[in-house]
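Construct all of the structure, not just a fragment, from the sequences and the given hints.
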Amino acid sequence: EPEVTQTPSHQVTQMGQEVILRCVPISNHLYFYWYRQILGQKVEFLVSFYNNEISEKSEIFDDQFSVERPDGSNFTLKIRSTKLEDSAMYFCASLSQGTYNQPQHFGDGTRLSIL
Amino acid sequence: AQRVTQPEKLLSVFKGAPVELKCNYSYSGSPELFWYVQYSRQRLQLLLRHISRESIKGFTADLNKGETSFHLKKPFAQEEDSAMYYCALGGEETSGSRLTFGEGTQLTVNP
Numbered sequence: 009e010p011e012v013t014q015t016p017s018h019q020v021t022q023m024g025q026e027v028i029l030r031c032v033p034i035s036n037h038l039y040f041y042w043y044r045q046i047l048g049q050k051v052e053f054l055v056s057f058y059n060n061e062i063s064e065k066s067e068i069f070d071d072q073f074s075v076e077r078p079d080g081s082n083f084t085l086k087i088r089s090t091k092l093e094d095s096a097m098y099f100c101a102s103l104s105q106g107t108y109n110q111p112q113h114f115g116d117g118t119r120l121s122i123l
Numbered sequence: 011a012q013r014v015t016q017p018e019k020l021l022s023v024f025k026g027a028p029v030e031l032k033c034n035y036s037y038s039g040s041p042e043l044f045w046y047v048q049y050s051r052q053r054l055q056l057l058l059r060h061i062s063r064e065s066i067k068g069f070t071a072d073l074n075k076g077e078t079s080f081h082l083k084k085p086f087a088q089e090e091d092s093a094m095y096y097c098a099l100g101g102e103e104t105s106g107s108r109l110t111f112g113e114g115t116q117l118t119v120n121p
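Protein chains in written order, with this note's numbering: chain W, 9 to 123; chain Z, 11 to 121.
Read the hints as simulated data drawn from the structure, not as lab findings.
Hints are supplied without guarantee of correctness; some may be wrong.
Said to hold, decoys possible - Ranges of calculated distance between the beta carbons of each label pair, as one might list FRET restraints: (1) W/Glu26 x Z/Gln116: 31 to 39 Å; (2) W/His18 x Z/Asn120: 29 to 37 Å; (3) W/Glu67 x Z/Gly26: 25 to 33 Å; (4) W/Val20 x Z/Leu56: 26 to 34 Å; (5) Z/Ser36 x W/Arg88: 20 to 28 Å; (6) Z/Pro85 x W/Glu61: 27 to 35 Å.
Every residue gets a Cβ at the ideal spot worked out from N, C-alpha and C, and that includes glycine.
Below, the structure is given as structure tokens:
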């Protein structure tokens, strides 16, 4: 069964540095998402991406964040200048089409640790 | 605004006992509801979605619009059911819209 893959599985970065988290969605999927989960808290939506543009973003997704689909297969999340509070598990998800009750498929996540 | 409430953070039952994980939602439109399961440090996996009305691994969930609930049930819990369970809500207004997750319930099934 096809899967969403994320790299790296764990990223350790100094505060203030840029970080890029990578995702390869399922190949025929059209919608792409990033979520994050701070340790001990719920999974929170960050951003959705469709037709090469952001379709929705949450209040968490400020100017420090950006997403890109540079080559038709990868989907990246960039955090420009990381803060301590960016430490979290980041999940990528993809969805085949936006019809009713279609499930999003999640990757294994990238654990981001900011020092 | 969309909201999902899972009132129990922790739930512990013995093997063979029935289990019910509660989920209530708040949404003005017609909801899309899902249960996802996360086994120890693994990915979020889809367990059920309300439209399919199927039973997966013995689990069922019925959407009750009157009570705005989507509780997950299993008549006889197994040790391998121990995991984190998340109820998630999507909305129909926008294709491919975000999922709103509940806090999650950590289910432990004891031998």
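Hints and how they fare:
1. W/Glu26 x Z/Gln116: 31 to 39 Å: holds (35 Å)
2. W/His18 x Z/Asn120: 29 to 37 Å: Holds: the Cβ-Cβ distance is about 31 Å, inside 29 to 37 Å.
3. W/Glu67 x Z/Gly26: 25 to 33 Å: violated (45 Å)
4. W/Val20 x Z/Leu56: 26 to 34 Å: Hint holds: Cβ distance 30 Å, inside 26 to 34 Å.
5. Z/Ser36 x W/Arg88: 20 to 28 Å: Once the Cβ atoms are compared, 34 Å apart, the range 20 to 28 Å for W/Arg88 and Z/Ser36 is violated.
6. Z/Pro85 x W/Glu61: 27 to 35 Å: violated (46 Å)
Hints 3, 5 and 6 from the earlier list are contradicted by this structure; the remaining hints agree with it.
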